[in-house]
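Residues per chain, in single letters:
There are 2 protein chains.
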Amino acid sequence: MPAASTENLLPDGVFAASLTPLSEDMSVDYQALAAHCRWLLEQGADGAALLGTTGEANSFGLRERIGLIEGVLEHGIPSHRLLVGTGCCAFPDTVALTRFAVESGAGGILMLPPFYYKPVSDEGLYRYFSLVVDQVKDSRLRIYLYHFPKLTGVPFSAALTERLALAFPDIVVGMKDSGGEWAHMKEVCERLPGFRLFAGTERYLADVLNIGGVGCISATANATVALAAEVYRRWRAGEDVSAAQAQLSAIRQAFEAGGFVPVLKQLFARWQQKPEWLQMRPPMAPLPESLIDGIAAEVERLGLRIAP
Amino acid sequence: MPAASTENLLPDGVFAASLTPLSEDMSVDYQALAAHCRWLLEQGADGAALLGTTGEANSFGLRERIGLIEGVLEHGIPSHRLLVGTGCCAFPDTVALTRFAVESGAGGILMLPPFYYKPVSDEGLYRYFSLVVDQVKDSRLRIYLYHFPKLTGVPFSAALTERLALAFPDIVVGMKDSGGEWAHMKEVCERLPGFRLFAGTERYLADVLNIGGVGCISATANATVALAAEVYRRWRAGEDVSAAQAQLSAIRQAFEAGGFVPVLKQLFARWQQKPEWLQMRPPMAPLPESLIDGIAAEVERLGLRIAP
Numbered sequence: 003m004p005a006a007s008t009e010n011l012l013p014d015g016v017f018a019a020s021l022t023p024l025s026e027d028m029s030v031d032y033q034a035l036a037a038h039c040r041w042l043l044e045q046g047a048d049g050a051a052l053l054g055t056t057g058e059a060n061s062f063g064l065r066e067r068i069g070l071i072e073g074v075l076e077h078g079i080p081s082h083r084l085l086v087g088t089g090c091c092a093f094p095d096t097v098a099l100t101r102f103a104v105e106s107g108a109g110g111i112l113m114l115p116p117f118y119y120k121p122v123s124d125e126g127l128y129r130y131f132s133l134v135v136d137q138v139k140d141s142r143l144r145i146y147l148y149h150f151p152k153l154t155g156v157p158f159s160a161a162l163t164e165r166l167a168l169a170f171p172d173i174v175v176g177m178k179d180s181g182g183e184w185a186h187m188k189e190v191c192e193r194l195p196g197f198r199l200f201a202g203t204e205r206y207l208a209d210v211l212n213i214g215g216v217g218c219i220s221a222t223a224n225a226t227v228a229l230a231a232e233v234y235r236r237w238r239a240g241e242d243v244s245a246a247q248a249q250l251s252a253i254r255q256a257f258e259a260g261g262f263v264p265v266l267k268q269l270f271a272r273w274q275q276k277p278e279w280l281q282m283r284p285p286m287a288p289l290p291e292s293l294i295d296g297i298a299a300e301v302e303r304l305g306l307r308i309a310p
Numbered sequence: 003m004p005a006a007s008t009e010n011l012l013p014d015g016v017f018a019a020s021l022t023p024l025s026e027d028m029s030v031d032y033q034a035l036a037a038h039c040r041w042l043l044e045q046g047a048d049g050a051a052l053l054g055t056t057g058e059a060n061s062f063g064l065r066e067r068i069g070l071i072e073g074v075l076e077h078g079i080p081s082h083r084l085l086v087g088t089g090c091c092a093f094p095d096t097v098a099l100t101r102f103a104v105e106s107g108a109g110g111i112l113m114l115p116p117f118y119y120k121p122v123s124d125e126g127l128y129r130y131f132s133l134v135v136d137q138v139k140d141s142r143l144r145i146y147l148y149h150f151p152k153l154t155g156v157p158f159s160a161a162l163t164e165r166l167a168l169a170f171p172d173i174v175v176g177m178k179d180s181g182g183e184w185a186h187m188k189e190v191c192e193r194l195p196g197f198r199l200f201a202g203t204e205r206y207l208a209d210v211l212n213i214g215g216v217g218c219i220s221a222t223a224n225a226t227v228a229l230a231a232e233v234y235r236r237w238r239a240g241e242d243v244s245a246a247q248a249q250l251s252a253i254r255q256a257f258e259a260g261g262f263v264p265v266l267k268q269l270f271a272r273w274q275q276k277p278e279w280l281q282m283r284p285p286m287a288p289l290p291e292s293l294i295d296g297i298a299a300e301v302e303r304l305g306l307r308i309a310p
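Those sequence lines, one after another, are chains A and B.
Using the working numbering, the letters of the first sequence correspond one by one to residues 3 to 310.
Using the working numbering, the letters of the second sequence correspond one by one to residues 3 to 310.
These are computed hints drawn from the structure, not numbers from a lab.
Keep in mind that the hints are not guaranteed to be accurate.
Repeated chains share a single entry, so a pair holds when one copy, or any two copies, can fit it.
[Claimed, not checked] Derived SDA-like pairs: lysine to any residue, alpha-carbon spacing no greater than 25 Å straight-line:
| # | residue 1 | residue 2 |
| --- | --- | --- |
| 1 | Lys120 | Pro157 |
| 2 | Lys188 | Glu76 |
| 3 | Lys276 | Phe262 |
| 4 | Lys152 | Ser123 |
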């Protein structure tokens with residue numbers, strides 16, 4: 003549907019929350035990152051999410067994050083295929099990074115809540131997001147609320163999500179729901195028809211599509227991308243995806259034996275025979291190779307193949 | 003003991019984790035902040051902790067935090083009376099801010115762990131702190147680990163604390179323990195004689211002094227400072243402080259009816275008749291005045307008096 007795809011500029015489908023390849027001095031290797039994004043697109047991803055949790059975003063300072071966006075674009079990745087994480091603890095940082103990403107043509111903004119203070123009231127969070135929208139002041143701004151209470155300690159309640167979506171209907175357009183709770187995804191979709199919900203895991207890909215969601219943005223989609231993209235395309239074509247989704251969910255589950263950043267970086271180092279993947283910023287630290295052995299064997303048994 | 007106080011440059015006693023007064027545009031009001039620090043010292047505080055949790059540190063960007071340190075020093079607060087919070091999520095930010103604080107002559111550094119990713123291994127945290135010490139590269143660096151698991155989700159286990167203190171004996175010299183768990187404070191003091199533990203609440207002031215700790219760094223000491231300082235001085239003089247400590251603990255508890263930042267800012271706005279105290283950065287939001295009424299009445303009943 004070429005006509006639809008050029009008219010509808012809002013992202014949907016399968017997005018990998020891209021890993022961030024690093025150089026030996028732990029700076030971002032822009033060329034390797036762009037190469038990985040290109041590889042994800044070739045595998046069938048609808049796009050990549052930069053500066054998400056899996057991209058170690060919060061281990062980079064504001065200037066480094068801006069540099070990362072610039073670096074990827076300079077290496078030829080089309081900006082509209084990128085979702086960019088911009089939510090920091092301090093609103094001036096969030097405003098600066100968001101403005102840069104919007105001006106760079108990003109396909110959408112993933113925005114964490116300010117995640118240090120807790121508990122905070124929905125009123126306080128509403129004020130925060132209102133301030134950010136007001137200060138970014140750009141009609142091209144499209145925010146996907148990034149719900150990840152296990153890491154942030156600051157949930158987007160369904161009530162707050164609704165309040166923000168109604169207050170800023172053309173701006174707060176969706177959510178990446180990494181809460182892992184089906185009831186939350188369902189409530190958000192039911193309260194807000196047309197709200198663009200991405201599951202934070204490909205395990206719920208078909209499920210969210212069935213209730214009006216638009217896709218998934220996932221850490222493990224760095225590896226499962228081809229199969230996840232197949233599920234998405236077949237679902238769009240009206241085919242039965244239950245077997246493919248079951249395989250996808252099983253592979254996803256096998257990755258959950260360790261923290262995704264070290265697990266995926268250590269696996270890509272093997273799969274692509276590139277030891278430079280092993281660089282990660284503390285507090286991330288490599289996991290025992292025996293654990294990685296087990297995951298590698300299990301995902302292969304389940305049918306995952308990554309060509310070198 | 004003037005001789006001791008000039009020889010011993012390491013901080014001890016009662017530190018208020020200073021509130022950060024803001025202007026109407028939510029920038030830091032340096033003059034008001036310096037005035038508040040001066041007032042705390044006049045009330046008997048041994049010093050002030052800047053850019054802690056109560057100071058809304060994580061609601062300010064890196065440049066704003068550097069500006070805050072500069073601004074306070076320019077307004078005449080002696081640098082050695084200041085502990086400065088410098089722990090960010092990204093190590094380059096932590097390094098830059100720590101270096102600036104050390105070069106400014108701060109009496110010590112309060113360092114949060116990187117607090118987005120969780121769970122993380124003690125090995126990953128050890129690598130993080132090693133990297134920061136290595137990159138700051140300043141023999142004047144004195145770190146107090148800032149243990150506040152309710153907000154960070156990233157505890158300093160006693161084992162990790164010991165590993166860091168033994169690896170960097172002249173640098174990782176102490177802890178602000180805001181965990182609220184007596185067992186943790188006790189274990190750290192027992193494992194590490196000479197380690198400078200500050201309780202994160204004045205409720206444990208006498209208790210930590212009795213097991214080798216050195217004082218407290220507390221949000222509510224913004225208000226309880228005079229009484230807390232009295233407990234500390236009388237304890238140092240070998241007097242019985244049980245009645246004064248009991249009063250101090252009761253007042254502390256009365257403040258716990260709401261989040262400390264809005265509670266204290268709303269109370270200071272009343273006590274000092276300065277509505278500008280009401281400015282706070284989102285996600286902080288003012289609490290209902292009826293709640294503040296109750297706290298104000300209760301702390302007054304318990305004997306707290308703040309002169310306008």
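Which numbered hints turn out to be false for this structure?
2
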